[in-house]
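K.L.:
Residue numbers (my numbering), protein chains in the order written: chain A, 23 to 366; chain B, 23 to 366; chain C, 231 to 563; chain D, 231 to 563.
Rather than coming from a laboratory, the hints here were simulated on the basis of the structure. Please read these numbers as outputs of a predicted model, since none were measured by experiment. Treat the hints with caution; some may be incorrect.
Stated by the list, open to error - Covered, in the sense of this in silico footprint (three residues per stretch, anywhere, with C-beta under 8 Å from a C-beta of chain C), are these stretches of chain A:
| hint | region |
| --- | --- |
| 1 | 132-138 |
| 2 | 150-164 |
| 3 | 194-200 |
We put the beta carbon where it would ideally sit given N, CA and C, even for glycine.
As a plain string of letters, each chain reads:
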Amino acid sequence: MTATGLGDNPQRSHAGDGPSPAEALRLFETMVLIRRVEERLRDDSAAGKLPGAVHLYIGEEAVAAGVCAHLSDRDYATSTHRGHGHFVAKGGDIRTMMAEIWAKREGICQGMGGSMHVADISKGILGANGIVGAGLSIATGAAFGARLDGDGKVSVCFFGDGASNQGALMETLNISTLWQLPVIFVCENNGFSEFTPSAEVTAGRIADRARAFSMPAAEVDGNDATDVWRAAGEAVRRAREGGGPSFIEARTYRIQGHFEAESFVLGTGRYRSDEEIAGWRQDNDPIARFRSRLVSDGTASAAQLDRIEAEVLDRVNEAVAYAEAGQPADPELAETLMFAPEES
Amino acid sequence: MTATGLGDNPQRSHAGDGPSPAEALRLFETMVLIRRVEERLRDDSAAGKLPGAVHLYIGEEAVAAGVCAHLSDRDYATSTHRGHGHFVAKGGDIRTMMAEIWAKREGICQGMGGSMHVADISKGILGANGIVGAGLSIATGAAFGARLDGDGKVSVCFFGDGASNQGALMETLNISTLWQLPVIFVCENNGFSEFTPSAEVTAGRIADRARAFSMPAAEVDGNDATDVWRAAGEAVRRAREGGGPSFIEARTYRIQGHFEAESFVLGTGRYRSDEEIAGWRQDNDPIARFRSRLVSDGTASAAQLDRIEAEVLDRVNEAVAYAEAGQPADPELAETLMFAPEES
Amino acid sequence: MARTRLIQAIHDAVVEEMARDPKVIVYGEDVELSIVGDLRGVHEQFGHDRIRNTPICETTLTGMAVGLASAGYHVVVQMMFSNFLYTGMDAIGNQMSKLRLMTGGQMELPITIIATIGGGSANAAQHSDTSYPMLMNLGGVNVAVPATPADAKGLTKTAIRSKNPCFLLEPNGRGGELGEVPDGEYLVPFGKAAVRREGDAATVVAIGRMLKPALAAAAALDAEGLRVEVIDPRTLVPFDEDCVLSSVAKTGHLVVVDEARECCSAASQIAAVVAEKGFSLLKGPIRRVTTPNVAIPYAPNAEAHVIPGEARIAAAVRELLGRTENHRQGVPA
Amino acid sequence: MARTRLIQAIHDAVVEEMARDPKVIVYGEDVELSIVGDLRGVHEQFGHDRIRNTPICETTLTGMAVGLASAGYHVVVQMMFSNFLYTGMDAIGNQMSKLRLMTGGQMELPITIIATIGGGSANAAQHSDTSYPMLMNLGGVNVAVPATPADAKGLTKTAIRSKNPCFLLEPNGRGGELGEVPDGEYLVPFGKAAVRREGDAATVVAIGRMLKPALAAAAALDAEGLRVEVIDPRTLVPFDEDCVLSSVAKTGHLVVVDEARECCSAASQIAAVVAEKGFSLLKGPIRRVTTPNVAIPYAPNAEAHVIPGEARIAAAVRELLGRTENHRQGVPA
Ligand SMILES: Cc1ncc(C[n+]2csc(CCOP(=O)(O)OP(=O)(O)O)c2C)c(N)n1
Ligand SMILES: Cc1ncc(C[n+]2csc(CCOP(=O)(O)OP(=O)(O)O)c2C)c(N)n1
Ligand SMILES: [Mg+2]
Ligand SMILES: [Mg+2]
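Please take these sequences and the hints and turn them into a complete structure.
P.N.:
Set out below in structure tokens:
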């Protein structure tokens, strides 16, 4: 874990129960679904089939999956430029997501947003966002709405270690504490902001920033799906019960480059070693770890899990076929879609 | 201290020596000078003689005086909308400051800035500032310059409890820690942001925000000049020696309204009781407290201190006379002064 | 009809809309007692869930509005001085003006942001900007600039009922001015200018705080035999091009008065629209009377020098029509 | 002369200025390896005190520049995409553009901010803005918009030697384009436009990324017998009014091509200046070819539709000169 620059072992957030077998299988399926989506996007991007940049979530799947397992469509989530995983885990449709990234009319945003901005408001997915840190205040605002509604909804903000240096973090920690808003701050500490190692630009322990507001803050192994699941479960429960905001720092690692054009852009530039990446890939893959635990503790057989993986791959292939067959975006849409039609 | 919303007694920052007798007398003089300046501005504002709004520092003098006692003209300081005290304590000339507030050509900013923007770059006074929290990054940038110069200069940022909720605070705590910048963050917690009590808008202990970065942070009685002086001395020494940034939260109380038009603006609106103000004025006046300590510990006689007070009052009267006799600002100056002339 | 102060008109509009729609939520720094004064006392009627003081953190205030609006509320944010829009600019420039398109029309963002614009009170450069050009260029937000209490009320109500981000920019220092406000439900539509004075010699478009000196200039010019038509656009986005173009069709001359700095001002925008769509109507150059490209100085004499006033407006019209000041003196007042 | 990429030209300018003046300090997010690529490797030459990766905190990056400049340094901040200027807008709008006047001329603020502008790369709305109108309206900052590698170098060097805040806005997606850059010390003055192509039928002012399609349109129109003059303003603040006005004196027609959104765009500003100072020179309306008032869409076809390109520019010129497309087909290519 040295690459995260945080050194010591994350403390366990909670000793409570893990997911039930059914929940565990859903968690596994979600992680695999994200992985297959991202691998396909990686390949299609390399093949030049996607118009814009894609920022992939490979290796970080346990975070989105473990947190969103506790959410329903009524709950809100804000995401980042690296947002496919959150979209998928929060229940977004991978066909319309793929169509969006392919810039098609059938895209969830009609091709107007693209990879960095997949959103499905009907599912509470308030959007991937191209502005680092922007989700913090949006999630807090949605949490304010949830509190006003008073019906136990919660709002989750996913953001990176890099984003945690935006002052918006402190501002939203402050206001959500004061107003006891049902918001869960999930910092995905994947070791890097673009090509800069976290330790170079992030002082102290990120979770301490929340503790300064006496906000409950857990530091978890973000590659351990169960660990994330537990910490998130506790935070979501607290928020639903009116107990206010919580903070989770999930320590993980970005396996892919910052974005898929990275090696082209970087040329000979280097900011981490191939061994470091290989180490994480081999020893700390969140899906492999979870899979072997499921098998070893008897939750599922290898064959069962293979079947899930195969099904998931079919769904991804189908989604890509759907996207590929879609219509090009309406080029004139922007001129009519900027403003919502007013009543009367 | 209930009005600050922070409840418990501030902890003493350091048990080291207090100021020498000569230093103590200068401290006293500075505080009295600020008080007389502010009282005169209060009266001239009430009499309708000043064009713009004035935000007064009465009751908070020990903070500026105690901190700036450790600074020389080479050091930098940024200030707030409530900036006369910092200007005076940092060695600014009260004649040109008064002329500025009177909108005169002789003003330190030629009448272009006014009360909220008094600045004297030659004295390292980088300016009072009308944007709450803006000084945080400016002071940090100046500290970066000081570190590059490598000659032991420091930079002080004065800001309010209200400003401590601007995200810029966390951003500058982070970067100054990472880069070990010689900056001292001085939070003047005077209990209010405009008409809002601090506790309503400020969660947790403000100094804890710095502690989250392992930054040395002291909470001092801001109405005890010696206490402030000690904590600032330690912080300035650390910064000069390359020990990086420090944080001081000075708890004090704003005796005057947010600005001098407050009672006109507020009408019947109330956000604190007259008794609360009277209590602070009577029992906790930083000047009265310091004065009686000077007399009781034999540093000075009452007559000596009276003489200082009388001299100071003369200087203030003289400064106002200077301002009043000044020329109106050049109305066309703005059109020529926006850009510095380029070389060649 | 009742004579009402401008800030009271905004207050009444907000109170009426809060009463009409429980989804209207108001917040801002110190908004309960409120230095600006437009929302004073509203919290006593509606309580802290509906209107609330916030910490000082403009970045979050504008950003939260996006989230709260996404959650189905109509958000009213009082930002005090429009200079603080710079501080909260991220969510304005990158989020609320863009997200509806970016989500393919999924998001509705009923957000009303209230702030004051303009100088004239010796508040100096950091409290005196007229910042609508920056907002107008974003493409995704409406901008209203009421100049009278009636419009302040009617435009505020329209903004709060809108499904889109709207900026309601109050004229700084004019909050106490009185004007007739129609009784009962009163809405002013966006995109409809008001002809404040009719005339045929020249068209003067005067924005927000500039209406008052423009009307004074028109009165002075009237005494010289020049009848100018004074148009108050009331909203800059959407903008009533037809009203201005048909006035220019009548007068052949256009002066645009704008307190914003000259470069990329609303005045420049309006001039460009007329130079493009109304060129054949013009008998002479389009004159803009604006604040020069400077920070607003503190000293009242310097401030008065840079902010357009009656004299500069009248001079621009005279110059356009080939009249000299001497000429003026020849006319009995 | 050497054929050089645009980002390399900026790189060379920064390196030369850093070598010349030890007070030049560079910082920015991820600036050492640098996604934009213009400053890649500079840290190897100058070390971490002179060029340094910062945390992601635009508010502080622009604000620190004010403090560091006050401490006697020339600060170069690389902000990547100009959309992030919104995030760091407070110190731009409230501090660096105002403090020199506000301190009565005491402060000198030698700050150069580098960012990319414009779309065309399917980066979608939050990475494609052309945000100079907002900067131009501030009144206190210079704005340079190099369109060629030579200008990129020469304007960057001038910016870094300036005593005032300067924005150096690189054309997004054009960093790899090659052009001749004069050897040795090469500075391009601010406020001097370049006539990129001479002609007498119409004046086309094309800003930044728009130069390329404007030149392509000019070539196409040439084949139809229309010689248009293409002007590259190079800096928008200061702006070379004389160059444009004397061209319009020759051609009588003006088209302004601007990738910024139409409302309060640089195009509107230039149109307003000419409608005011060059009205008598005009034989017809001033046409602006701009991005409509929309957020930039992601889909490349939709993006191409809203961003001005060769076809729209050529059509605007033809329309202005009363030529039809049919007319064009009559002309042998
Ligand atoms: C306001 C803003 N500043 C800078 C960027 C450029 N940028 C995009 S992603 C990124 C790094 C983000 O790091 P982190 O938050 O850790 O997320 P990660 O990419 O590691 O998932 C940066 C600097 C941006 N998109 N928005
Ligand atoms: C960015 C910004 N937001 C809001 C304001 C309006 N305002 C001026 S002073 C003030 C309260 C500041 O409180 P604090 O920082 O505690 O300083 P104090 O007045 O108590 O000295 C506010 C909200 C401002 N000037 N700038
Ligand atoms: Mg990261
Ligand atoms: Mg305070």
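K.L.:
Run every hint past the structure and note whether it holds.
P.N.:
Status of the hints after comparison with the structure:
no.	hint	verdict
1	132-138	holds (count 4)
2	150-164	holds (count 11)
3	194-200	holds (count 4)
Of the numbered hints given earlier, the model fails none.
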